[in-house]
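Protein chains: 2
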Amino acid sequence: MNDPGPTRLPLRRLGVDTYQEPVIYMHADCAVCRAEGFEAQSRIRIALGERAIIATLNVIRSEWLSPHEAALSEAAWSALAAHEGELATLSHPEPLESFSAVRAKIYGHPFSADALQAIIGDISTGRYSALETAAFITACAGRNMSLDESIALTRAMIDAGTRLQWPGHAIVVDKHCIGGLPGNRTTPIVVAIAAAFGLTMPKTSSRAITSPAGTADTMETLAPVDLDLGAMRRVVEHEGGCIVWGGAMALSPADDLLIRVERPLDFDSDGQLVASVLSKKVAAGSTHLIIDIPVGTTAKVRTSEAARALEVRLQTVAIAMGLTVRIVQTNGDQPVGRGIGPALEARDVLAVLQNDPAAPPDLREHALLLSGTLLETADAVGVGQGTLAAAKVLGSGAAWRKFLAICEAQGGFRMPPQATHRHEIAATQPGQVLAIDNRRLARAAKLAGAPSAPAAGIDLHVRLGDSIAAGQPLFTLQAGNRGELEYARAYLASAPLPVRVGAPS
Amino acid sequence: MNDPGPTRLPLRRLGVDTYQEPVIYMHADCAVCRAEGFEAQSRIRIALGERAIIATLNVIRSEWLSPHEAALSEAAWSALAAHEGELATLSHPEPLESFSAVRAKIYGHPFSADALQAIIGDISTGRYSALETAAFITACAGRNMSLDESIALTRAMIDAGTRLQWPGHAIVVDKHCIGGLPGNRTTPIVVAIAAAFGLTMPKTSSRAITSPAGTADTMETLAPVDLDLGAMRRVVEHEGGCIVWGGAMALSPADDLLIRVERPLDFDSDGQLVASVLSKKVAAGSTHLIIDIPVGTTAKVRTSEAARALEVRLQTVAIAMGLTVRIVQTNGDQPVGRGIGPALEARDVLAVLQNDPAAPPDLREHALLLSGTLLETADAVGVGQGTLAAAKVLGSGAAWRKFLAICEAQGGFRMPPQATHRHEIAATQPGQVLAIDNRRLARAAKLAGAPSAPAAGIDLHVRLGDSIAAGQPLFTLQAGNRGELEYARAYLASAPLPVRVGAPS
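Going down the list, the protein sequences come from chains C and Z.
The numbering of the first sequence is numbering that gives the first Met the number 0, which starts it at 0 and goes up by one.
The numbering of the second sequence is numbering that gives the first Met the number 0, which starts it at 0 and goes up by one.
It is worth saying that the hints were derived from the structure and are not from the lab.
Since the structure is predicted, the reported quantities are computational estimates derived from the model, not experimental observations.
In this text, a Cβ means the ideal position worked out from N, Cα and C, and glycines have one as well.
Incorrect hints may appear among the rest.
Examples of chain C residues lying across from chain Z (beta carbon under 7 Å, computed) [unchecked claim]: (1) Gly-14; (2) Asp-16; (3) Thr-17; (4) Ala-39; (5) Val-58; (6) Arg-60; (7) Thr-137; (8) Gly-141.
Far from chain C by the CB rule (all over 10 Å, computed), these chain Z residues [to be verified]: (9) Leu-13; (10) Ala-27; (11) Arg-162; (12) Ala-358; (13) Arg-400; (14) Thr-475; (15) Glu-483.
Work out the full structure: start from the sequences and follow the hints.
In structure tokens, the structure reads:
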């Protein structure tokens, strides 16, 4: 037998951002590669003492890596908490047994609870490649998950992460909006009202998956959101509420890894949606939850029937998890507020909280409806008294003072940034605003750079039913650089405008 | 407005093998990145004059790439046929409109023929990322494709590639085996017999997708298989047949790109299977085709009912394509021949062709059955006379001489390599061979290095029903290095042996 060669190699940080996919780079002449039979796209276990990750191999056939070292992508480097030159042990990972359940699912066999526990456990410990994760997501997508599978998936996602406790707080409230209607940024307002009212609302929010902004993206233009668990707990104990990014909490680590693959694919599914939403709420220690489902032809949920199916699934899983949920269907025919994109939405939120007379009235009304429902669901006020109670807290300035205090406690309030590149789109003919396409507006805002460029997005100047003169501005594109502004303009020029103006029928 | 900055950068070959995924590397401080708003995992169009590809961005945050250049992975470099320092134009690709049909499919909406044309067109021109391809494959997998969708997918795959013509040959025969029973390497024998009989059989074969060897892998240990179209045509015009790798022919380029993603996922589907098989046959100019479907509990097709469903789909699509197909169900309860892995299977093929008395009788019989059926299907002999006619050609040495002539015409006959590392697995008790698990044998052969290491695999010493003494060798693991040999041994040690010996019930 030949000498097996070393299975240990010193690690080098390569500084390659592969967007969360852990990659290991080894030279084609590397003894470890040859001894172990590794080739491009092999999955390799990299261990540093007790810590280990699995990464995908890229084979180097040039001079910039020596055969006597292995280099890591940024995602691999930080997941392993490696140091320059540390000796890592490289080996074949155990076969990925849980993936056989994904293959069986594709052939129509439902997931067992055990299978989902195994899959989510493997995903949350980084054992699935991006391709395997994409196959799992696709197998769960559409309406391919039964209620039992949804319950099991939700439980598996909770079990894979941290679970927060709030000793001394019998009631912990939360809210969620399904389907990201552009501009529908009620969360910061609801948290401010609920906390000002004395409720406990430790809100963890996500960044955008397929939309131009998530609540965490918007909130980050107003205050730091990247708090660790201890810092979050201090904010909540002091102010009763917070609005932080949930990704740093490891509340449902599998969900964060699923999102990295869902995002470029730009699709999700009822089964995964419910598990994603409810696993994070249960893990965050919530007891009472309201869920906003905007319904409209260009919203994520297009019909009342679809909303109803989602409601059944949400309520069924919530009951299994011991969570009290109240669902509110709202009108999703057009964006809420005026801004679409992190900073532009933050501007609208501030206007409502500050009782600015020019604040978007629909955002204010929407936030009051949700806050009121939340107060009622948590038994903080009697049935039918919620909206009025919420309006009082907002109108008195108490909500605005609470919001500022929360921002300060999270690391300091700041004003949202402004875009450097703008382009106004005007009506080419007089008439009435007949339809607004949420999806095309969101897509244009994303092409303009949102949410990566926080100031980018769309400022919408009209609402359904408005009478418009020829040449009147409909909306303004905002971007952080000319390339993205031009890309959004090119997209808008390629099809009818997302705001349709014409003679009323 | 700021200066948009250059959108052209000189290209550098980085020598990174990412296994067919085109990747572009740009520095985080690169002006083009900033002007265009590119970030890690952005899809970028790279154009050199008329040639253009789409690649995935990895962002470099270290010194080894300057902000004034862009580097390409090997797959991107060769797809673009780039030269060092050439100035490439970088831009956002057009939105991938065809992917919306994949999303709709996941929600239960069938693919239209137009949608499949658009998807396959986009895949074959490299516009789908690996993740998007994985989602498409998963959406088509299992039994999620209707017969109409299969026909449309097959047609789309033919239209996306080259289509061979064989002027002067009214009948062009072909064969295919579905489900890769280990060791079932009849193709070289069938081609030799058919060509020796005077038929035209321009055989293009694939490399392994999920098995330890494809016909192209096995044939490559005997002669070059990587021929271009002109070279293949010369071989066929001269010898009547060939056995070459189909990937170089661009017969169904989308299929080759689908395989790069199917391979790590280790699954495929009836719809995709039928399209993959028949699109290559039609594109290769075949008129008459036999398909071998081994059926067994550990074969790919496990029951006669499953084989029948596949037959219906194959015949339906074949009729729509104007192809005459004859399907032969064979016994798939155990491997065929003795070797599993490219070189070991080649050794068995040679023994049959050379009429070696020690040649595996099952491989010989199986090859004669298929050759005979092919002669009958092509009307070269009367019904019921095929097997005898084939046996004559084989027994006379004409098939062996024809095979050698084909190998010489393809670039020269050579003997298959032998493995350097071996490990024998023996029976621990006396008894009868009661069951052989094809899947676990194939997996062990793959872990031992097949097909990347052509000499690696398994040499099987027993067959179902054999009486075995304690300590008698059951099979021998063969590998090219100790790491892979150990990995295969560890896998075998982790569960019951794939060859089950016990008292007959």
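These are the hints, each one checked on the structure:
1. A least Cβ separation of about 3 Å between Gly-14 of chain C and chain Z falls short of the 7 Å threshold, and the interface hint therefore holds.
2. A distance limit of 7 Å between C-beta atoms decides the matter here; for Asp-16 of chain C the minimum to chain Z is near 4 Å, and the interface restraint holds.
3. Proximity of Thr-17 of chain C to chain Z holds as hinted, the smallest CB-CB distance being about 5 Å (cut-off 7 Å).
4. Proximity of Ala-39 of chain C to chain Z holds as hinted, the smallest CB-CB distance being about 4 Å (cut-off 7 Å).
5. Interface hint status for Val-58 of chain C: upheld, as the beta-carbon distance to the closest one in chain Z is roughly 4 Å, under 7 Å.
6. Interface restraint check for Arg-60 of chain C: the shortest CB-CB distance to chain Z comes to about 4 Å, inside 7 Å, so the restraint holds.
7. Interface hint status for Thr-137 of chain C: upheld, as the beta-carbon distance to the closest one in chain Z is roughly 4 Å, under 7 Å.
8. This hint holds: Gly-141 of chain C has a C-beta 4 Å from the nearest C-beta of chain Z, less than the 7 Å allowed.
9. A Cβ of chain C approaches the Cβ of Leu-13 of chain Z within 10 Å, the least distance being about 6 Å, so the stated non-interface status is violated.
10. The claim that Ala-27 of chain Z is not at the interface with chain C is violated, since a C-beta of that chain comes within 10 Å of its own (minimum 7 Å).
11. The beta carbon of Arg-162 of chain Z sits about 31 Å from the closest Cβ of chain C, which is more than 10 Å, so the claim that it is off the interface holds.
12. Every CB of chain C lies more than 10 Å from the CB of Ala-358 of chain Z, the least distance being 30 Å, so the non-interface label holds.
13. Every CB of chain C is more than 10 Å from the CB of Arg-400 of chain Z (nearest about 37 Å), matching its label as outside the interface.
14. In this structure Thr-475 of chain Z is separated from chain C by more than 10 Å, as the shortest Cβ-Cβ distance comes to about 15 Å.
15. Against chain C, the non-interface label of Glu-483 of chain Z is violated: not every CB pair exceeds 10 Å, the least being about 4 Å.
Hint violations for this structure: numbers 9, 10, 15, all remaining hints satisfied.
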